[in-house]
Amino acid sequence: MKDVKRELKETYDSIAPFFSMKRQFLWHPMESFLKEVSPCSILDLGCGTGRAMIAGIRLGSRMTGFDISGGQLDMAERNLHDAGLLDGYELVRGDLEDLPFADETFDAVLMIASLHHIPTRKGRITALSEARRVLKDRGRLQVSVWSWDQDRFRERHMSLIRGERKPDGFDGPEPGDVFVPWNEGGRKMRFYHLYGHHELEEEVKEAGLILERAYFDRRNHWVECRR
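Each residue of the sequence shown is one higher than the one before, counting from -7 in my numbering.
The reader is advised that the hints may include incorrect statements.
Computed list of lysine-lysine pairs in DSS-like fashion (alpha-carbon distance at most 25 Å, straight line) [what the hints assert, rightly or not]:
1) Lys(-3) to Lys114
2) Lys180 to Lys27
3) Lys197 to Lys128
4) Lys114 to Lys197
5) Lys180 to Lys(-3)
6) Lys1 to Lys114
7) Lys180 to Lys1
8) Lys197 to Lys180
Because the hints were derived from the structure by calculation, they are not lab data.
Just so it is clear, the structure is predicted and the values come from calculations on it, not from any experiment.
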C-alpha cells in the first residue's frame, strides 16, 4: 500500500489555502458539542485550518489544535489571527497514533473528519485509544467519519460486498479503503476509510471508550463518547 500518511501530509500542505476557503463554517453537531462542553480545555485532533478552534475560543475554551500537516497549521494560525484571536490556543504537529500529551490532559477531544484518514483498523483503534488516554476522567469525545453510504460510493461498496472484482478507486487492504481526488483533475489524492453501519461504534468501544450517542448526519457517521 502507498505511504498514506506521507501523501496525506503533502496533499493537505499543498491545498491548505483552498481547503481553508471551503471550511469556514461549523457543522451543526460540532457547534452543539462545543456549546455543551465549553468552557474547558479541548484538543482538536485533525484541526485543519482552525474553524472549530475559533468557535471554541469564542466560547471561552482553551484550544489545542493538532494536525499532521504543517501547511494546515500555518493556515489555522493565520485564520485565528484574522479573527482577532492571539492567545487561548496552541498548535502542534504530529501523528494521531502517537500523541505528545500527558495522560488526562484535556476535558474534551474532537476528531472531526480525521480518523477516516488512518489506514488499517488497528491504526484507527490506536488513535482512538490515544484520544481516550489524554482525556480526563469522564472527559468527552466527538468523532465524525465519512460513510460509504453516499451516492458516489454506494455501488462500488456493494460490489465489494458481493465479492466482485475490486472496483477502481478502492485501493486499500480493507473494504471501504478509497483514494479520493481533491479536485476534478485528480492530481491531489486523499486516503479515506469509508465506514459501514455501526463500524465506528465498534471501534470506539474496542478502544475502551463509553459510547453515549451515535447518529448519521450530512453523509457522516458521528459518535459522542466518554472516557
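Checked hints:
no.	hint	result
1	Lys(-3) to Lys114	holds (15 Å)
2	Lys180 to Lys27	violated (35 Å)
3	Lys197 to Lys128	holds (17 Å)
4	Lys114 to Lys197	holds (13 Å)
5	Lys180 to Lys(-3)	holds (14 Å)
6	Lys1 to Lys114	holds (20 Å)
7	Lys180 to Lys1	holds (11 Å)
8	Lys197 to Lys180	violated (33 Å)
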